[in-house]
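There are 4 protein chains.
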Amino acid sequence: MPTILGQNQYGKAENRVVRITRDGDTHHIKDLNVSVALSGDMDDVHYSGSNANVLPTDTTKNTVFAFAKEHGIESAEQFGIHLARHFVTSQEPIKVARIRIQEYSWERIATSDNSSRFIGSDEVNHSFARKGQELRTTQITYDGEKWEIISGLKDLTVMNSTNSEFWGYVKDRYTTLKEAYDRILCTDVAAAWRYNWTSDDDRMPNWEKSYEQAKKHILQAFAETYSLSLQQTLYQMGSRVINSRSEIDEIRFSLPNNHHFLVDLEPFGLKNDNEVYFAADRPYGLIEATVLRDGVEPQIPVDMTNL
Amino acid sequence: MPTILGQNQYGKAENRVVRITRDGDTHHIKDLNVSVALSGDMDDVHYSGSNANVLPTDTTKNTVFAFAKEHGIESAEQFGIHLARHFVTSQEPIKVARIRIQEYSWERIATSDNSSRFIGSDEVNHSFARKGQELRTTQITYDGEKWEIISGLKDLTVMNSTNSEFWGYVKDRYTTLKEAYDRILCTDVAAAWRYNWTSDDDRMPNWEKSYEQAKKHILQAFAETYSLSLQQTLYQMGSRVINSRSEIDEIRFSLPNNHHFLVDLEPFGLKNDNEVYFAADRPYGLIEATVLRDGVEPQIPVDMTNL
Amino acid sequence: MPTILGQNQYGKAENRVVRITRDGDTHHIKDLNVSVALSGDMDDVHYSGSNANVLPTDTTKNTVFAFAKEHGIESAEQFGIHLARHFVTSQEPIKVARIRIQEYSWERIATSDNSSRFIGSDEVNHSFARKGQELRTTQITYDGEKWEIISGLKDLTVMNSTNSEFWGYVKDRYTTLKEAYDRILCTDVAAAWRYNWTSDDDRMPNWEKSYEQAKKHILQAFAETYSLSLQQTLYQMGSRVINSRSEIDEIRFSLPNNHHFLVDLEPFGLKNDNEVYFAADRPYGLIEATVLRDGVEPQIPVDMTNL
Amino acid sequence: MPTILGQNQYGKAENRVVRITRDGDTHHIKDLNVSVALSGDMDDVHYSGSNANVLPTDTTKNTVFAFAKEHGIESAEQFGIHLARHFVTSQEPIKVARIRIQEYSWERIATSDNSSRFIGSDEVNHSFARKGQELRTTQITYDGEKWEIISGLKDLTVMNSTNSEFWGYVKDRYTTLKEAYDRILCTDVAAAWRYNWTSDDDRMPNWEKSYEQAKKHILQAFAETYSLSLQQTLYQMGSRVINSRSEIDEIRFSLPNNHHFLVDLEPFGLKNDNEVYFAADRPYGLIEATVLRDGVEPQIPVDMTNL
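Order-wise, the sequence lines are chains Y, F, R and U.
For the first sequence, position 284 matches number 540 in our numbering, and the numbering has no gaps at all.
For the second sequence, position 84 matches number 340 in our numbering, and the numbering has no gaps at all.
For the third sequence, position 180 matches number 436 in our numbering, and the numbering has no gaps at all.
For the fourth sequence, position 7 matches number 263 in our numbering, and the numbering has no gaps at all.
Please note: incorrect hints may appear among the correct ones.
No distinction is drawn between identical chains; accordingly, a pair holds when it is met within one copy or between any pair of copies.
Stated by the list, open to error - Result set (BS3-like, lysine-lysine): computed pairs, CA atoms no more than 25 Å apart in a straight line: (1) Lys465 - Lys402; (2) Lys465 - Lys325; (3) Lys325 - Lys286; (4) Lys410 - Lys472; (5) Lys286 - Lys527; (6) Lys387 - Lys471; (7) Lys465 - Lys286; (8) Lys427 - Lys351; (9) Lys387 - Lys427; (10) Lys325 - Lys471; (11) Lys351 - Lys410; (12) Lys434 - Lys325; (13) Lys465 - Lys527; (14) Lys410 - Lys527; (15) Lys402 - Lys351; (16) Lys434 - Lys410; (17) Lys410 - Lys286; (18) Lys527 - Lys325.
Just so you know, the hints here were simulated from the structure itself, not pulled from any lab data.
Same shape as in the complex, but just chain Y (with noise of 0.2 Å):
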């Protein structure tokens, strides 16, 4: 056969599962978008259409379902491990899990100043509306043997109206670029960071607290650093997780440069004193790295963030 047969990965993708906890009349939700992908010995189907060693892709949806009763949705990392550990051990074909879950959050509807006119304060323990900003991300590697746990957010839109320069760079032919001593610094923050927690034997992470400190030193780190370009705001977030969080060795940043360009207000007799800018869509400038821990070696693919 003069073709062959390379990396490959099935499963079912983006099962929406929402999981409701009822702790007397408060109401709980976990809100999960739940992609799984499956390899292993299934070469027969590639070459063949043979499925003797396919568990089709509607059963492992059924299995996120199910689970999400059997297990509960602790954390989406925690219901990830549970997934990826199923697959792998129950099915012997299938010798790699790939668990990648969004998650969505919700944040409760503030009571009535006088709700007892309505149906009483304590009834709008199930009510909720999404809180819409940052999609929280995390992707589960079981091969039987080791984990790997790379969780991260994305959209994330911040912004500093000042406190970011950018000047003393290469000219060449083609730069028009007038450097600029005071500008808007706005991004969407894509961010991937891998958990150092890789065995069972190990005591596993908080999931929850790890992420919610994880995104409080990147949004402080953002606020905080005094820019001079765009690439030393991103090492500052990373560098601040990195050396807040023992338990994450690795993180990366897809960062676009949302441009926010200053107006030019002189044709019609206006001063613009920093305060007028047009947003712009495209192009934008993509800064994306790396930061991690000395003496680690980096997992996280270049891509990731594409997820």
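Fit chains F, R and U to the known structure of chain Y by using the hints.
Here is chains F, R and U on its own, set in the frame of chain Y:
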């Protein structure tokens, strides 16, 4: 001529203007997407291509940015009023101006607990994260005499995890739906409300406060209504706004019923006690209605919420 | 009651129905996205939550799929007429039905030059690639007596790389645009046209042929008009359709002016002789107008093309 | 320093360049979306914010537009090769350049049957409609010595309405799927193939012809394969390309299984003889695999098709 020109309008759509206001070290941000549509004596440009009556769309764009400097952006509504008045009063051929604005809201990034290690907590008054929840909207229409202000919001996703039923409906040959006595009710609220302010002689509403209050009443009515149908919930939301806000005479909603189907876990020997749901994409129920103060004439177009 | 109910409608939106018809080994495909909106005696469901007059949206979904079997899908318009008639005539409380349909078109995949090496060229009569160009649309409204059929298309992107000018316009304080004597004209055509067929007593148009012809005339008028303004081009497109198709009385366009800015290459010592353009995203001019057969009343809503 | 910098890259993404070439009255169009990513000696800009080695992303944008003039756009691949070579050879700190390009294709608008009534049929050689089918893609990577060219396409939606089965698969506790002996097979093809051209000393492929042929073989293999699984179809598509095109050594596909579920019409007393389908959105099966010429090393990243 066998064909004639009907209603027409033109202008620059989606001008992305960001206005920063500095109050000492504390910055404030207004982030708008402004669309201008002008109409008037525009027969010639359609029939012959003569642009003698045409203020270029590029000029309407420039005006948006210049006005952000000249007038500031107190609120989306006030900004739109400045623009609409300008176009109608400064250009004889222009008889009606319609300004549509979408507003993105931002929140401040919280300071570091120990930010003195960094740059100083007073510096973070210029750092923002986009809230990402609903999009605020407004439409200002002016014909030189009367104002019509229709404000609203869209993409505000809300969910009640209980206190929703659906039964007692018509059954025909094509009906298979089972009655539900405890279901999830979830929707993306799109609302448009009309202010009864129409004349420069009358006192203007407080646009910012009015928006916050209308949103609050919508959320609370959603949370506090024990729902027998999404139509009933819609009416309660609308009624609450009209009854609570004397400056609003009419409100229209477009509410998708974001179906959350209880997953059948019986094939796996599991019981699903309102715990595990599949969040479906399409199709979805779509419930739309106007609620009016008794005695007023409706003006909000049926497809208004598509703006 | 201080508030009352205004216009309201409900139904199942975006039912994605695909109908395969087998003519021997040759298959035919119709791929529709069908939205149902019903209105009538629906006060109770809004005021009290009583569903006694409510045919469930789930039933309207079932009806769409059942009708694809019972009636087939001859055309989107004919299919919508079957549905609208059914809802209005079979359910006493329903007074008006509005069916909106989007249609995706497919083309056959060409056979292999030497397909005998494979399975046989006669097999490929069941293989299709989605064309991906414009989306065909229609809206059928029926009140038990009269029909209103508004068909159209959207997302048909067209470009003239010359034969477009823009000059002689109004200049005010905010005008900086330079006159253009040879520019690119590019737009995403959204069009909606109204048929003058309104009664079951009259002979129905050939919906498929009418669509093809209307699209052809729009494209040809775009290509063949030497344009002094996008408004002029719009009017030529509309006029051509009305003059060529007696079954169409009114047409409305919503045409973004997809700006292609000539890039200034002088800083690099290069001359840009209408060769290199930057295709901008936002803002964009937006030109909208209705063209009517002389003497008819306009019925297409101003925001019709938002559907 | 406890943290260090890992892989990093930067540049201007999504430069929308349109190049018109005039051959007498006949115009030709190339419509690209070009993203530049550069890497090299960039430690300082991350650690200290020094931009001394940084060619601004704005300059990379200017270079894209200037090169469209200086070199023209013969093909996306050739254009990317010009750009990558320039960045690596003209800036000492830049060691690797990666250029990603998306190409939109256009077709000419057919002339009017009787266009002499208008402007003359020879005029329409400058009028185009965007085809709207697949997006053509390429990625050019250059390190100063070797080239890696990975081209492909995405969003090419194809359907077989028969000749697809799925049975004989693993059944576990969570399996409920019924075996299918005649189902619809529909997918949105995303493919990325790697050329074995790596050196300036070797003869370059004909990029335009190679693309057309690769697409043709993918389509024909899809149409002509009697499918027992989407994996089998994938392998046939890949194998056909590798076997037919000696310039291509490796190809990777990411194929969603766009489920078309046969609608159960029995509750309505109707029989559904493979006629009426519901086209589902989420979840969907996702089948991904690489097909290689025997003996070559795989280089296309697993997530390559996310570009």
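Quiz item: Hints broken by the structure, by number, lowest first?
Solution: Hints 9, 10, 11, 13, 14, 16 are the ones this structure does not satisfy, whereas the remaining hints hold.
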